[in-house]
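Trainee: Okay, here's what each chain looks like letter by letter:
There are 2 protein chains.
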Amino acid sequence: MSEADTLLAQGRRRVVIEGVKPQIDHGRFAVKRIVGDRMEIEADIFADGYDEISAWLLYRHENERGWHEIPMQALVNDRWRAVFDLEQLGRYRYTVQAWVDAFGSWRRDLKKRVAAAQDIALQFLIGANLLEDASSNLKSADARRLKASIKALRGEGSDEARLQVALDGDLAALMARTPQKGRITKFDRELAVVVDRERARFSAWYEMFPRSCGKGTFSDAAKYLPYIAEMGFDILYLPPVHPIGKTHRKGSNNRPTAAPDEPGSPWAIGAEDGGHKGVASQLGTQADFRAFVARAKQYNLEIALDIAFQCSPDHPYVKEHPQWFRWRPDNTVQYAENPPKIYQDIYPLDFETADWQALWQELKSVFLFWIGQGVRVFRVDNPHTKPFRFWEWLITEVKQQYPDVLFLAEAFTRPKIMYQLAKLGFSQSYTYFTWRNERWDLIEYFTELTQTEAREFFRPNPWPNTPDILHEYLQTGGRPAFIIRYILAATLGANYGIYGPAFELCEHVPRESGSEEYLDSEKYQTRAWALDRPDSLHPLIARVNRIRRENPALQSDWRLKFHTTGNEQLIAYSKSTETLDNVIVVVVNLDAHNTQAGWLHLTTKDVGIPAHEPLVARDLLTGARYTWHGADHYVALNPHGQPAHVLRIETLA
Amino acid sequence: MSEADTLLAQGRRRVVIEGVKPQIDHGRFAVKRIVGDRMEIEADIFADGYDEISAWLLYRHENERGWHEIPMQALVNDRWRAVFDLEQLGRYRYTVQAWVDAFGSWRRDLKKRVAAAQDIALQFLIGANLLEDASSNLKSADARRLKASIKALRGEGSDEARLQVALDGDLAALMARTPQKGRITKFDRELAVVVDRERARFSAWYEMFPRSCGKGTFSDAAKYLPYIAEMGFDILYLPPVHPIGKTHRKGSNNRPTAAPDEPGSPWAIGAEDGGHKGVASQLGTQADFRAFVARAKQYNLEIALDIAFQCSPDHPYVKEHPQWFRWRPDNTVQYAENPPKIYQDIYPLDFETADWQALWQELKSVFLFWIGQGVRVFRVDNPHTKPFRFWEWLITEVKQQYPDVLFLAEAFTRPKIMYQLAKLGFSQSYTYFTWRNERWDLIEYFTELTQTEAREFFRPNPWPNTPDILHEYLQTGGRPAFIIRYILAATLGANYGIYGPAFELCEHVPRESGSEEYLDSEKYQTRAWALDRPDSLHPLIARVNRIRRENPALQSDWRLKFHTTGNEQLIAYSKSTETLDNVIVVVVNLDAHNTQAGWLHLTTKDVGIPAHEPLVARDLLTGARYTWHGADHYVALNPHGQPAHVLRIETLA
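Each protein sequence line maps, in turn, to chains C and S. Using the numbering used here, you'd call the opening residue of the first sequence number 28 and step up by one each time. Using the numbering used here, you'd call the opening residue of the second sequence number 28 and step up by one each time.
Pulled out of the complex, with its shape left as it was, chain C reads as follows (with noise of 0.2 Å):
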């Protein structure tokens, strides 16, 4: 058919539904939500000319066979809304659909009718023309009660007593529900959103390389767990804990060749021993792995993997599948590259195989053997170099059979690349937080991050440092500059995490200058690290993170708010539940080396408290009280004093 003759063939559909909101790239990918949220969808929602609409959501868990539909309503300027209760983990998917309600336009114009005491006998036959009409698509029971109307309607009672039934609710409430004919408009399509566990939104993650951890096995690192559990983590992240490569293997600080006794690069994985399903023996064995995991649920910690896929030279993939890698005319298998550098210690997997179906599947045995060992959080790393449609296959795949598992998207690329990971099902991300350390810069991206479509699928996870970053404010801007950092990550982002101990020691040195790798990098070699040092940010962490905990305006990035301060140094914002019921204020001095004054601004929209009452704020960190008046409020932060103030909005009483 045409579009002209499909148009002619619709024309009864006379209702237009634009707009559903949330969407992204039109119904393309999900948006992302947490168990227990409310589903809020809107559409612009109109018709030609003034009669009534009846509008409706549909909305089922993807485990489910049948919709749920519930009335939408009007809000202004032809807006309409729904809200559900997302209740499952899960997909659900969701739709809209319309319809002209020729019996509520009647019914509304009866009213009118009546109020301008206008002749309504004729109307009465009218409206038992709309029910007759509408009785021939009813179920029996539905039938009989518009029998029993339209009976009424025609018969010979009063003009009040026909108006009661006329204006029925009930009756109203059936015919809305009621569509003539060939009148239906369904939005073109089904929309989506994923339902996670809270994790997703509100987690706090330590990475750390457990070969470091005493003999560097796994029963040694199960000593450090009542060490991370005190600093209040979610998550242990451990870099990956498979057989590590000899051939090319690489020497402390990424030298080209390691000393025989040096451990080499997680990253460089697979050996004679196993591959990714592999456990380095040096580490343990599966049941040791199981048992760290155990271990660590004790201490409500949860282990996440990281997930890497590429191999060693001496991966057992080589030799077994040497169709999933590019080999070169001179019959070698071609390593790494970014022209004119050289990996050879890495060969990437070719995705571009025409194997490459058994390869996705293998890819993803690999996910589903450690969700076997018990693992539900991984972290993926450089996702952005192998293809979109791999990973949205993987996710939606596993997800489907295993809807609590997360996966964090390590990826530092380009923006739109960042946010299409994101799109296609990643339920956390990296970001550029880590190079963000002006004000206005921190203002803009964590705006675009929370403020704009971007927050229906990115969950932002920002990390003040990583194994591979190191940025010059940490570098030169001593302890101060690592607090500083640290309740940034912690307070803009529900989600963070830090690599440690490095972080919480201000490990500091550069490999070189102008380098943002550490020197003596975990990733090459193991370190000892002084955990009981002083001045180690040990009790501050345990600090932020029981704040985070008490306060749940901290546990959701969506209603982040900055302020002003007047002083480009002093970062302000502010993150409240909805009902404003706990409301935090954060003020950062973002110079390590002075103090910096101001003066926040903060209104009754933002606090909750009208602006002729005084509010204390409360000092999280430091337990000091402000008792506030007005809108603006002084503030001095001194980076080696208290570089930050973390504050609770109370009321004086």
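Misleading hints may appear alongside valid ones.
Given that identical chains are not distinguished, each listed pair holds provided it fits within a single copy or across any two copies.
As the list claims (entries may be wrong) - Derived lysine-lysine pairs resembling DSS-like cross-links, with alpha carbons at most 25 Å apart:
hint: 1; residue 1: 443; residue 2: 48
hint: 2; residue 1: 242; residue 2: 550
hint: 3; residue 1: 550; residue 2: 250
hint: 4; residue 1: 166; residue 2: 213
hint: 5; residue 1: 324; residue 2: 250
hint: 6; residue 1: 48; residue 2: 138
hint: 7; residue 1: 208; residue 2: 166
hint: 8; residue 1: 139; residue 2: 368
hint: 9; residue 1: 368; residue 2: 138
hint: 10; residue 1: 213; residue 2: 443
hint: 11; residue 1: 391; residue 2: 304
Because the hints were derived from the structure by calculation, they are not lab data. Since the model is a prediction, treat every value here as computed from it, not as a measurement.
We have chain C; now place chain S onto it with these hints.
Mentor: Same frame as chain C, but now just chain S:
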């Protein structure tokens, strides 16, 4: 196939194409352009990893079978662009395709390897293999060309000679056009652009009741053509010219009954002697109408007809097609109502009729009939009270046959409905301009219309008055108010119109206080106008329309920009050509009673003249010439002298 299986099957489509612009509602509707325009298409295009991408814009006119393919160019941040010329009226389609360019990636890396003085012998063999893979997909001439290159690359030539072969530009271009099998990502929709003639973007309309001309015939009206042409209008729009109903005919000033000699409203269409395809005998015959159209053409005036799909009780349709009306249980036809108001002189057509397809076809034939009489411009009365799909179908069908036909939507209704009508095909639209009389309000509204996505489909046609709307501002502001509103309409809108002679004669008395209806409105009676009154705005209008024709900046709305004046009563804006070779700055005093002064701020970017050079602002209304230095210029306007400047920016030279 499940979604997951589709992803698996399409696993080699590594490129993502998103954010294609222009695009309305995911391609549901076409954007609008003018013949001769350059069509600029942009898209986000990216792939995993670091490979080169080959991206192509495909476009074709609806009358062409094959696609034109042009390469897209990468801008920044993964944004790509291509441009093509819109050379014909009608509808073009466009879409985007892209794939990873394996050979291009290899070629780019080869250059890096050469720069780093690496051994490249193996690379030639790899390149040759890429060419060999491609040659199977190619036509013989291209395949032969590849064979020669393959031979050279695998041959015994020097590195330099083989490098020359490898880096050959034509070879790269051929390979960029040759995707590997299964690798093409196609944007999932074909988008459309409707190309109109220039008059869609740039037109000056004059509305007139021919029955008020002399004795009220077309040949009387023809005598007014020079008068209208002198003012420089393009389009002469006539209210409905059809026979007028007698039943319930309205008298002067909308009285419920007409005296025997009263002519009735032209919008009460249809009588015994004809309906929507008829001409009221008082005006003349069909031949007289055609002669009038032809005569107008000699004055460069196009006749626009008013198409109002509603019937008087005497319309032939009522007898011939009773099924197109809604019948009440008492066997009378349902007249128009907006309870409790009733309009017994009007029978609405019942678009809910089961016979809607025949109704639609008949209504389409009304347009085709008048097109047959030489009309190419239609002003459609109250389109928002007829189904949207009807208009979409009708306009698509008519324009497919007559792509030069223009439709003006006369809908004064809610914002989303105004936009919907424009989206579905109306060439121009009436606006809220009549009610936007304050500076902030004009700026907000025209910024929305000209600087957001709305401009892709909505072409505003602002009118300071219509036979239905005499705004209070005109009722109370005297002649200065008419000048102010006229200059705003004619310079804010590349399209605009007035209802005359009421407008140029400053007719300003409402039917009653608080009403926007004219006293003694021509809708219900004829009027004799004293066209030669010395206070007529005729000369001003003639001058402004000449200014519009001589200055391309005023012939489009897309480059409208507002400027500060420091005075809420002084509005200032500019329009310019893209190259800034024509820049018009308009300053209007919105206060019809008092002189207002302020400082007009113009930057180099606005006027294209470096800040340190003086510029000349030539007032095209008065001929005055101002030499201005710097960015801020004092402006004072006396509404009783000159309420506005229309300035052309020139260099001193």
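Trainee: Compare the structure with each hint and give your call.
Mentor: Here is what the structure says about each hint:
Both within a single protomer and between protomers do residue 443 and residue 48 lie at most 25 Å apart by alpha-carbon distance, with minima of 21 Å and 16 Å respectively. In this assembly of identical chains, the alpha carbons of residue 242 and residue 550 lie at most 25 Å apart only when taken from the same copy (17 Å versus 97 Å across copies). Taking identical chains as interchangeable, the C-alpha atoms of residue 550 and residue 250 lie at most 25 Å apart only when both belong to the same chain, with a minimum of 21 Å there against 92 Å between chains. In this assembly of identical chains, the alpha carbons of residue 166 and residue 213 lie at most 25 Å apart only when taken from the same copy (22 Å versus 46 Å across copies).
Only within a single protomer do residue 324 and residue 250 lie at most 25 Å apart by alpha-carbon distance; the minimum there is 13 Å, versus 94 Å between protomers. With identical chains, the CA atoms of residue 48 and residue 138 are never at most 25 Å apart, being 34 Å at best within one copy and 48 Å at best between copies. Taking the closest pair of Cα atoms, residue 208 and residue 166 come within 25 Å of each other only inside a single copy of the chain (15 Å); across copies the shortest separation is 54 Å, beyond that limit. For a Cα distance limit of 25 Å, the shortest separation of residue 139 from residue 368 across copies, 10 Å, qualifies, whereas the shortest one inside one copy, 79 Å, does not.
For the identical chains of this complex, residue 368 and residue 138 are inter-copy neighbours only, at 13 Å across copies versus 79 Å inside a copy, given an alpha-carbon limit of 25 Å. For a Cα distance limit of 25 Å, the shortest separation of residue 213 from residue 443 across copies, 18 Å, qualifies, whereas the shortest one inside one copy, 31 Å, does not. In the homo-oligomer, the alpha carbons of residue 391 and residue 304 lie at most 25 Å apart inside one protomer (11 Å), although the nearest pairing across protomers, at 69 Å, exceeds that limit.
In terms of the numbered hints stated before, the structure departs from hint 6 and from no other.
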